[in-house]
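Chemist: Using the sequences plus the hints, can you model the full thing?
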Amino acid sequence: MNPQANLIFIISLLLGTTITISSNHWIMAWTGLEINTLAILPLISKSHHPRAIEAATKYFLTQSAASALVLFSSMTNAWHTGQWDITQLTHPTSSLILTSAIAMKLGLVPFHFWFPEVLQGSPLTTGLLLSTIMKLPPIALLYMTSHSLNPTLLTTLAILSTALGGWMGLNQTQIRKMLAFSSISHLGWMAIIIVYNPKLTLLNFYLYAMMTATIFLTLNTIKVLKLSTLMTAWTKIPSLNAMLLLTLLSLAGLPPLTGFLPKWLIIQELTKQDMAPAATLISLLSLLSLFFYLRLAYCTTITLPPHTTNHMKQWRANKSTSTMIAILTTMSVMLLPISPMILTIV
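Residues 1 to 346 in UniProt numbering are what the sequence shown spells out, letter by letter.
Read the hints as simulated data drawn from the structure, not as lab findings. Please read these numbers as outputs of a predicted model, since none were measured by experiment. C-beta atoms are modelled at their ideal positions from N, C-alpha and C, and glycine is treated no differently. Do not take every clue at face value.
Unchecked claim - Simulated crosslink set (DSS-like; lysine-lysine; CA at most 27 Å straight-line):
(1) K223 with K319
(2) K177 with K223
(3) K236 with K319
To be verified - Between beta-carbon pairs, the in silico distance windows are:
(4) A326 with S228: 24 to 30 Å
(5) M28 with T57: 24 to 30 Å
(6) H25 with K226: 44 to 50 Å
(7) K226 with S64: 27 to 33 Å
(8) W84 with T235: 55 to 61 Å
(9) T330 with I11: 26 to 32 Å
(10) S64 with I11: 21 to 27 Å
(11) M1 with T271: 45 to 51 Å
(12) S228 with P42: 29 to 35 Å
Modeler: Written out as structure tokens, the structure reads:
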């Protein structure tokens, strides 16, 4: 793609996200979401591969439907209450429709079917944008309307998302699909706590975005898309592969890594809200995700390819790892000891 065009689309993405996050009026928030959708479509389909075109079409249709529902929800609320302010979403039907629309935009179960397919059809860099920055505006809308959302509905969606994100990721061999199901599972953790402590949802999202960015950028550096190629890629940059192992375990939420922090705080908050059964259930369901993270980690560093097959050994990469990946990997692994400081900032 032409670098100037690429720059325009990236700037439009940032613009759309900023408009949605900073707006008070529903129409402005909807405009930001639309700018975001239109800016990411060329980035998904830039390879002109049939699968990329299919992914862009699926993405466009689902996001259009979700945007229409956002408009419908805000208009229903304005009709009944005379308020266009995002924080004044008080009508129960409107909040129900909005929850469905945001679930569709994020890829929460049962509106998750588009997300793995779209991520599989996109390049790794676009996949990174879809998994992180494109999730921020819908989560910001949930954050602003969290006081009027239905807790039972969100808890149900969250537990289903964590369950399906874990189950459906188990038998995947494509890494992008595994990361899509990982994203669905993490969204479950964010959705369950949004009503009770919205700041924890944002903290979880920031840390998830950081760890996912690390993994996508690492995979992009070693040019890996499937588990079979991941097994033979350890010779390229062995030190980066070792850090990828730790980042995957951090994304799984194992202590003493960064990813344990949001899970720990969410379980603590759920217990305070007398939701110990939900906390137990979501913790047990996250073990499903842990299985496929361990599978990825095993393929990354611990498995040597079988010597009976005639596979080509990869040459060790001559270029040094970028500073960005070095900073992100360090933060993805080592932030847990400074969690009190992080909590005072958030």
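Chemist: Look at each hint and say if it fits the structure.
Modeler: Hints, verified against the model:
no.	hint	in the structure
1	K223 with K319	holds (13 Å)
2	K177 with K223	holds (16 Å)
3	K236 with K319	holds (10 Å)
4	A326 with S228: 24 to 30 Å	holds (27 Å)
5	M28 with T57: 24 to 30 Å	holds (27 Å)
6	H25 with K226: 44 to 50 Å	holds (45 Å)
7	K226 with S64: 27 to 33 Å	holds (31 Å)
8	W84 with T235: 55 to 61 Å	holds (58 Å)
9	T330 with I11: 26 to 32 Å	holds (29 Å)
10	S64 with I11: 21 to 27 Å	holds (22 Å)
11	M1 with T271: 45 to 51 Å	holds (49 Å)
12	S228 with P42: 29 to 35 Å	holds (31 Å)
This entry satisfies every hint, going by the numbered hints stated previously.
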